[in-house]
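Each protein sequence line maps, in turn, to chains A, B and C.
The working numbering applies: residue 1 is where the first sequence begins, and numbers increase by one.
The working numbering applies: residue 359 is where the second sequence begins, and numbers increase by one.
The working numbering applies: residue 539 is where the third sequence begins, and numbers increase by one.
Treat the hints as calculated values from the structure; they're not laboratory data.
Only a predicted model underlies this, so the values are computations on that prediction, with no experimental measurement involved.
Ideal placement from N, C-alpha and C gives every residue a C-beta, glycine not left out.
Hints may be right or wrong, so weigh each one.
Unchecked claim - Pairwise CB distance ranges, derived in the manner of DEER restraints:
{"id": "1", "chain 1": "B", "residue 1": "V538", "chain 2": "A", "residue 2": "P85", "range": "51 to 57 Å"}
{"id": "2", "chain 1": "B", "residue 1": "K512", "chain 2": "A", "residue 2": "E276", "range": "34 to 40 Å"}
{"id": "3", "chain 1": "C", "residue 1": "G596", "chain 2": "A", "residue 2": "A225", "range": "17 to 23 Å"}
{"id": "4", "chain 1": "C", "residue 1": "G596", "chain 2": "A", "residue 2": "R131", "range": "31 to 37 Å"}
{"id": "5", "chain 1": "A", "residue 1": "H135", "chain 2": "C", "residue 2": "G693", "range": "27 to 33 Å"}
{"id": "6", "chain 1": "A", "residue 1": "P190", "chain 2": "B", "residue 2": "R520", "range": "28 to 34 Å"}
{"id": "7", "chain 1": "A", "residue 1": "E350", "chain 2": "B", "residue 2": "A413", "range": "21 to 27 Å"}
Chain by chain, the residues:
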Amino acid sequence: MEAGLSTKLFVKGNEAVAMASVEAGCRYYFGYPITPQSDIPEYLSRELPRLGGEFIQAESEIGAINMLLGASATGVRCMTSSSGPGISLKQEGISYMAGSELPGVIVDIMRQGPGLGGIDASQADYWQATRGGGHGGYRIIVLAPASVQEMYDLTMLAFDLSDIYRIPAMVLADSVIGQMKESLVANPRPVATLPAKDWAVRGRGEGQLQQVVKSLKLGDGEMEAHHWKMHARYQELADAECRWEELQTDDATLIVTAFGSVARIARTAVAMARAEGMQVGLLRPITLFPFPSKAYADLSTRCKRFLDIELSTGQMVDDVRLSVARDTEVDFYGRPPGAGSLPTPEELFEQIAKNYRR
Amino acid sequence: MRHDVFISGYGGQGVLLAGNLLSYAAIHEGNNVSFFPAYGVEKRGGSAMCTIVFAEGDTGSPVVGHPSVALILNQLSFDKYAAKIKPGGVCVVNSTLVDSTTLDLPDVRIIKVPMNQIALDLGDVRMVNMVACGAYGAATGALSLASMGEALKKALPERNHRLIPANIKAMEAGAAAALV
Amino acid sequence: MKQVFSRPESLKDIQTHFCPGCHHGSVHRLAAEAMDEFGVRGETIGVASVGCSVFLYGYFDVDVIEAPHGRAPAVATGAKRARPDRIVFSYQGDGDLAAIGTAEIIHAANRGEDITVIFVNNTTYGMTGGQMAPTTMVGQKTSTSPYGRDHSKDGYPIRMAELLAQLEGVGFSARVAVNSPKNVMQAKKLMKTAFRYQVEKKGFAFIEVLAACPTNWGMNPLAANQRVGDEMVPYFPLGVYRNTANL
């Protein structure tokens, strides 16, 4: 029993992100305060100076993302974090990072919007996250943790994937996952084969070639080639890095699908349905980009009913519909974000029962 | 076994500390734990609440619509949340401040513990949350007082560890009152 | 025979794209000479901005990061914090630094970032075709102030060197011009000081250079050069506005 207390920590989701970034070797953080993610900069402002790293509270989200760009261009692991209004401001820098093929981790603890909105949990930034968000046509890696443990594990994964594919990576959660505390096993950094950052600017030294990190591509055909190169890389990412979780899908005649906080609530709702003898399963995407389309395609060859649940009027449901076999019915239940709109397991159970019996 | 408990009271009654304490105690007993905090708008005097779910396996939803156990520390919380308790559930009320006859809850076992009075008698009304935790342990048997005592070391900052013996006394008094 | 003039090593042997009479070439040269002087070419990271100076990497023989419009001081901050042993400079025009990038320059300066900022003030947006800049003179006609800059609607030209000199985080702030041999000699000296600040870790250094843009001013190079002295210098006085380390 004593061992249980010593190996398991009890921390907030946001703190787990900050701890994982340190474990992943990130020593540079640039951010700006915004609820509900301020635990991340607060933690790192305390820890990074002790570790010889740098913490900067920037003048704005725009300042922060551009500091990330500058630090990343020199080859170091670095991170920023924010929520909706701040993530919107960061889109300029994210586009430049995507265009310059710079890695870097961006944490988005979603809150309700549009505009100032409020601080309640939301999933209405799914489109913003998974469609790139800024100008020019690009994608970023998007990971959607559904527990404090995953906040920790997926933050470390975000650094590795971002370095391997040279694509910015986003950890996308909301205030439920960010603010709740759970037991956590602080796993050590996984062993990954990472490519050398031979593209980084470091001061060219004598006799070495000049390194330039840029997104300007004016040569005839240069930008077109860049787009096709990235297109192929996104495909490579989709082939190798899709992650999802399936729960009791083997005999399911109705599959519930949800990500992040809603998937957690749906988990209990599915268990309630099973207790009532309903053959219901859960499919939870862990990577939102790349979206695990194949998992949906495969399951929809034998299960013809899906129920997608989101804290929005329906965004991920687009990807679900694009992924499933053509004769599959995809129903939707949504609670757009806002005070009082977080569904309970009982509420989701009712929706499951209604769809199951229909 | 999956347990859930909802705690609600005024800001300043130590609701979140109580939630943290029960969480550490649950981890101490080998469980996975989810602690979901929600705050009122005000820092003091507003309502504070949290939900704790613990289980040896999957904790499932951190959001609970109908809790099986509720620790209710003030009247406002009782009036607002007691009716949400699951049929067959338990409601431990701070009977110093809560008149539990305002609602008719035939399917809920109501356990009245004069938490403020007990804490005052022990010398500090701020220990009301410790009395509540002790009462929870005794009323449900879900967590032992020994684990809660251990959990105090984690839940309290180092500078307050001198208060651990007094807090354990408050828990014991709460447990005893819940068994009456 | 003694060689008295040659291309600085920190500049590539490449013809620039700058218009005839443009002062960017001179400013590039002064910056390169300063880098040569301190022998830091191999350890320097330049940060290019958006504007005519975006092709920095084509001319300077140093590593370069290209920044979004106005954000060069933030990008330079990230690079310098990650590589504090490197010499990091940004090179920005007036639209970039004094309009869209006002927050970034003020806060990088106020934090006292150990970087050197070269600010080329030619009173116009050069690359986009001569629109009104924050430093456009009152009455100056541009493609977006066709009746001349009207201070009642457009405000007054911003004096960045003086403004930044008010900040405690700034080590060095000066304004120079490259319109005459005398001014070029002074500019060369103060450009060196702006890099010396960083080499000796004395804090944030800012050097504003008044420059000609004959194409967008609709002038020939000589007339443009003349305008720098006649119109700009009286409003943007040359001099050192802050020099905390007395370098």
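Here's how the hints hold up against the structure:
1. B:V538 <-> A:P85: 51 to 57 Å: Since B:V538 and A:P85 have Cβ atoms about 53 Å apart, the given range 51 to 57 Å holds.
2. B:K512 <-> A:E276: 34 to 40 Å: The hinted range 34 to 40 Å holds for B:K512 and A:E276, with Cβ atoms some 39 Å apart.
3. C:G596 <-> A:A225: 17 to 23 Å: The hint (17 to 23 Å, Cβ to Cβ) holds, given that C:G596 and A:A225 are roughly 20 Å apart.
4. C:G596 <-> A:R131: 31 to 37 Å: holds (33 Å)
5. A:H135 <-> C:G693: 27 to 33 Å: Cβ of A:H135 to Cβ of C:G693: about 29 Å, so the range 27 to 33 Å holds.
6. A:P190 <-> B:R520: 28 to 34 Å: The hinted range 28 to 34 Å is violated for A:P190 and B:R520, with Cβ atoms some 42 Å apart.
7. A:E350 <-> B:A413: 21 to 27 Å: holds (23 Å)
Hint violations for this structure: number 6 only, all remaining hints satisfied.
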